[in-house]
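Chemist: Now for the letters of each chain:
There are 2 protein chains.
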Amino acid sequence: MLAKRSELFKASDVRELLKLTEGKKIISLAGGMPDPETFPKKELAEIAKEVIGERGDASLQYAPTAGVSEFRKELMSFLQRKDVKVRGDDSVIVTTGSQQALDLISRVFIEREDVIVVELPTYLAALNAFTLSHPQIVGVPVDENGMRVDILEKELKRIYGEGKSVKFIYTIPVAHNPAGVTLSIERKKYLLELASKYDIVVIEDDPYSYFVYESGVDVTPLKTLDDEGRVVYLGTLSKILSPGLRIGWVLGNHYVIDVLERAKQTADLHTPTLTQYIALESIRRGLVDKTIEKAKQVYKIKRDVMLDALTDYMPEKTWWPRPVGGLFVMVFLPSLDVDTRKMLPEALARGVAYVPGASFFANGGGWNSMRLNFSFPPPDKIAEGIKILGSLAKEKIKEPKGPITPESFYTM
Amino acid sequence: MLAKRSELFKASDVRELLKLTEGKKIISLAGGMPDPETFPKKELAEIAKEVIGERGDASLQYAPTAGVSEFRKELMSFLQRKDVKVRGDDSVIVTTGSQQALDLISRVFIEREDVIVVELPTYLAALNAFTLSHPQIVGVPVDENGMRVDILEKELKRIYGEGKSVKFIYTIPVAHNPAGVTLSIERKKYLLELASKYDIVVIEDDPYSYFVYESGVDVTPLKTLDDEGRVVYLGTLSKILSPGLRIGWVLGNHYVIDVLERAKQTADLHTPTLTQYIALESIRRGLVDKTIEKAKQVYKIKRDVMLDALTDYMPEKTWWPRPVGGLFVMVFLPSLDVDTRKMLPEALARGVAYVPGASFFANGGGWNSMRLNFSFPPPDKIAEGIKILGSLAKEKIKEPKGPITPESFYTM
Numbered sequence: 285m286l287a288k289r290s291e292l293f294k295a296s297d298v299r300e301l302l303k304l305t306e307g308k309k310i311i312s313l314a315g316g317m318p319d320p321e322t323f324p325k326k327e328l329a330e331i332a333k334e335v336i337g338e339r340g341d342a343s344l345q346y347a348p349t350a351g352v353s354e355f356r357k358e359l360m361s362f363l364q365r366k367d368v369k370v371r372g373d374d375s376v377i378v379t380t381g382s383q384q385a386l387d388l389i390s391r392v393f394i395e396r397e398d399v400i401v402v403e404l405p406t407y408l409a410a411l412n413a414f415t416l417s418h419p420q421i422v423g424v425p426v427d428e429n430g431m432r433v434d435i436l437e438k439e440l441k442r443i444y445g446e447g448k449s450v451k452f453i454y455t456i457p458v459a460h461n462p463a464g465v466t467l468s469i470e471r472k473k474y475l476l477e478l479a480s481k482y483d484i485v486v487i488e489d490d491p492y493s494y495f496v497y498e499s500g501v502d503v504t505p506l507k508t509l510d511d512e513g514r515v516v517y518l519g520t521l522s523k524i525l526s527p528g529l530r531i532g533w534v535l536g537n538h539y540v541i542d543v544l545e546r547a548k549q550t551a552d553l554h555t556p557t558l559t560q561y562i563a564l565e566s567i568r569r570g571l572v573d574k575t576i577e578k579a580k581q582v583y584k585i586k587r588d589v590m591l592d593a594l595t596d597y598m599p600e601k602t603w604w605p606r607p608v609g610g611l612f613v614m615v616f617l618p619s620l621d622v623d624t625r626k627m628l629p630e631a632l633a634r635g636v637a638y639v640p641g642a643s644f645f646a647n648g649g650g651w652n653s654m655r656l657n658f659s660f661p662p663p664d665k666i667a668e669g670i671k672i673l674g675s676l677a678k679e680k681i682k683e684p685k686g687p688i689t690p691e692s693f694y695t696m
Numbered sequence: 285m286l287a288k289r290s291e292l293f294k295a296s297d298v299r300e301l302l303k304l305t306e307g308k309k310i311i312s313l314a315g316g317m318p319d320p321e322t323f324p325k326k327e328l329a330e331i332a333k334e335v336i337g338e339r340g341d342a343s344l345q346y347a348p349t350a351g352v353s354e355f356r357k358e359l360m361s362f363l364q365r366k367d368v369k370v371r372g373d374d375s376v377i378v379t380t381g382s383q384q385a386l387d388l389i390s391r392v393f394i395e396r397e398d399v400i401v402v403e404l405p406t407y408l409a410a411l412n413a414f415t416l417s418h419p420q421i422v423g424v425p426v427d428e429n430g431m432r433v434d435i436l437e438k439e440l441k442r443i444y445g446e447g448k449s450v451k452f453i454y455t456i457p458v459a460h461n462p463a464g465v466t467l468s469i470e471r472k473k474y475l476l477e478l479a480s481k482y483d484i485v486v487i488e489d490d491p492y493s494y495f496v497y498e499s500g501v502d503v504t505p506l507k508t509l510d511d512e513g514r515v516v517y518l519g520t521l522s523k524i525l526s527p528g529l530r531i532g533w534v535l536g537n538h539y540v541i542d543v544l545e546r547a548k549q550t551a552d553l554h555t556p557t558l559t560q561y562i563a564l565e566s567i568r569r570g571l572v573d574k575t576i577e578k579a580k581q582v583y584k585i586k587r588d589v590m591l592d593a594l595t596d597y598m599p600e601k602t603w604w605p606r607p608v609g610g611l612f613v614m615v616f617l618p619s620l621d622v623d624t625r626k627m628l629p630e631a632l633a634r635g636v637a638y639v640p641g642a643s644f645f646a647n648g649g650g651w652n653s654m655r656l657n658f659s660f661p662p663p664d665k666i667a668e669g670i671k672i673l674g675s676l677a678k679e680k681i682k683e684p685k686g687p688i689t690p691e692s693f694y695t696m
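Order-wise, the sequence lines are chains A and B. Here the numbering used here runs 284 ahead of the position in the first sequence, where the first position is 1. Here the numbering used here runs 284 ahead of the position in the second sequence, where the first position is 1.
Extracted from the complex, chain A is given alone in its bound form (with noise of 0.2 angstroms):
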């Protein structure tokens, strides 16, 4: 009795596997949860209690759908604060998550075999969401600069001579989910003349600017540079302060936040007022910022851990981009004969959990590939799982080739 729409809605690897590994003695290197250390319990706490017992009348009531006024106020504040230019005709919608900025996205841009451009590899949440509205998907590979956006102009090219236009831009510019890697401001620049160019709608999803942890980093945003109004801002708490409030946000032209404000009534009407009022309370006291501070030392400590024992136990010729930010490395294994889907079973007899990276890729490819996560684990089973990933890597692959990077699937 279900509509033929209900088969796209996939359980997606990610969470199947968290699902898989829940209450079992794995290290799993397969999710992206924040480590809970960094969370303010005790000062969220206090918040929540004042809130609500000081503020029961309005944060336990109702909400506009675009979020609670003073909140959204005190975001454009924060956001401006972070460097993320707020234009005069901009406006700010909250989200209950990013994944619902995304899902609203998907609904309210993407017409049936609308062109739509992402980074191969892409997040994988965003890639089912703009599934569900059925556009054409064109991959464009990542290096360590981030896109390459002399592959982005051949493709732009191909699909305005074919008479095609693209619907818009999907990227994570900084610390790239799943990839790690970081679009240099020359490639950001040219990224925007290409689109002011083919007059094309960029969607910027912007998790991790706010906690790189290496210094002499450009994390200027896209939003920052565009002088056209094209860009739609997507942000969140959940890595800066916690992702149990799912709280996240759109920053863009008031056109298109007004469109995606009544999308979002029909969709769940509004995020709960009482996470606006403790994110907006945690905002205005300082404690986002200390959160931040905190991350950066926590997430930097682990991701060195994981980047020394990639360098000690993966086979030669492995690839992967070292991560500025974020919670991921990408790791490429050098052979295109293993198939990292296919690995996995053997690796959660070993005892690791990993996400095949090919979940990632729009076109099919990047099976040779795996997302690791070093923000949830502690940094002796980061270490330790990495050790039994690289002897497992190293028994399926006898002759190493490479390096093997997203490009090798570009034009498969």
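No lab work stands behind these hints, which were simulated from the structure alone. Take every hint as true, because none was put in to throw you off.
Pairs count within a copy or across copies, as identical chains cannot be separated in the list.
Taking lysine-lysine pairs in the DSBU-like style, the calculated list, with each CA pair at most 30 angstroms apart, reads: (1) 584 - 326; (2) 441 - 288; (3) 288 - 438; (4) 665 - 685; (5) 481 - 288; (6) 308 - 357; (7) 584 - 325; (8) 357 - 309; (9) 601 - 584; (10) 357 - 333; (11) 325 - 574.
Please read these numbers as outputs of a predicted model, since none were measured by experiment.
Use these hints to put chain B onto chain A, whose structure you have.
Modeler: Same frame as chain A, but now just chain B:
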């Protein structure tokens, strides 16, 4: 650059009105907000502090898409205590308010041009959610005893006679929103017989049966009378604890719940963990039951004030059903020449807001009606508001005819 679909995301009258009257000195009978007097602020503040302070590693972290396991179990027990039958093959999913449940049901069940049956009138936001999937909507009028199952039977004969079938019947059996009517036990049984005969899913939306103000009313859910597992049951804490938590649920056959879970994963990954933990403890500690008792007292008084004022001030032959619960009275003015949409600006000018009834009619009928909320305004404002509306209606209607009821719009 937007999808055609985006035109379907209409701003609802209710929400636009709420915006319009914000901050103004207007007696709003338009919204559907609980009285904040019923919010157990002190207790919720303590619970929130505890679940963050003592269980923050879990309550601030990501959660499974279907909901926090412990909460889902507690919810099952709660429902069973409220005489909602939980079958062996049932499962429950936590949603971000009931609104999300309606949206997910629309996405999972309805194929373009599928026939669905709703009441005349029905819940506006359900209508909006269903419309996004482009169904053919068939309306069956209600009277004081809820859906006219005799007319339902006639419609089913017609639809199936034309070789079509019905995807689901959507009903709000107890203290209907907007109509305030309650389905009699005989009609409930007959509705299920018809659903069984034609093999149709029944979507039972039940925000109100938990706090009926009168004794002796049969509020047995369809879910409890259903021997075949065809009822999908929706509930919410919005009216019995706090709407700002956005906690809703769907109880039904595990196969349906699994598909809803996969759809929800793309929609918002999961409902905030924190509000689920707060809800869990609120149910466990009897706070929800306590709030229900308080809400009953508060709302019974307000309802009676509204009913008395209607009797005192409305034109003769005006029709309204007496609600045994819920938050609304729906008033049908005694003339087909009066259009409450056109009357609204005048009402606002005199200081009263309401929702024009036509918004709740899938077939465009009901233009002489209005939905009046009694849960939010203070009793004296309710009386004052009705007095103003009554005198406005009397000015408009020189020769009352009637009663005009939903059935008047059935065969338009």
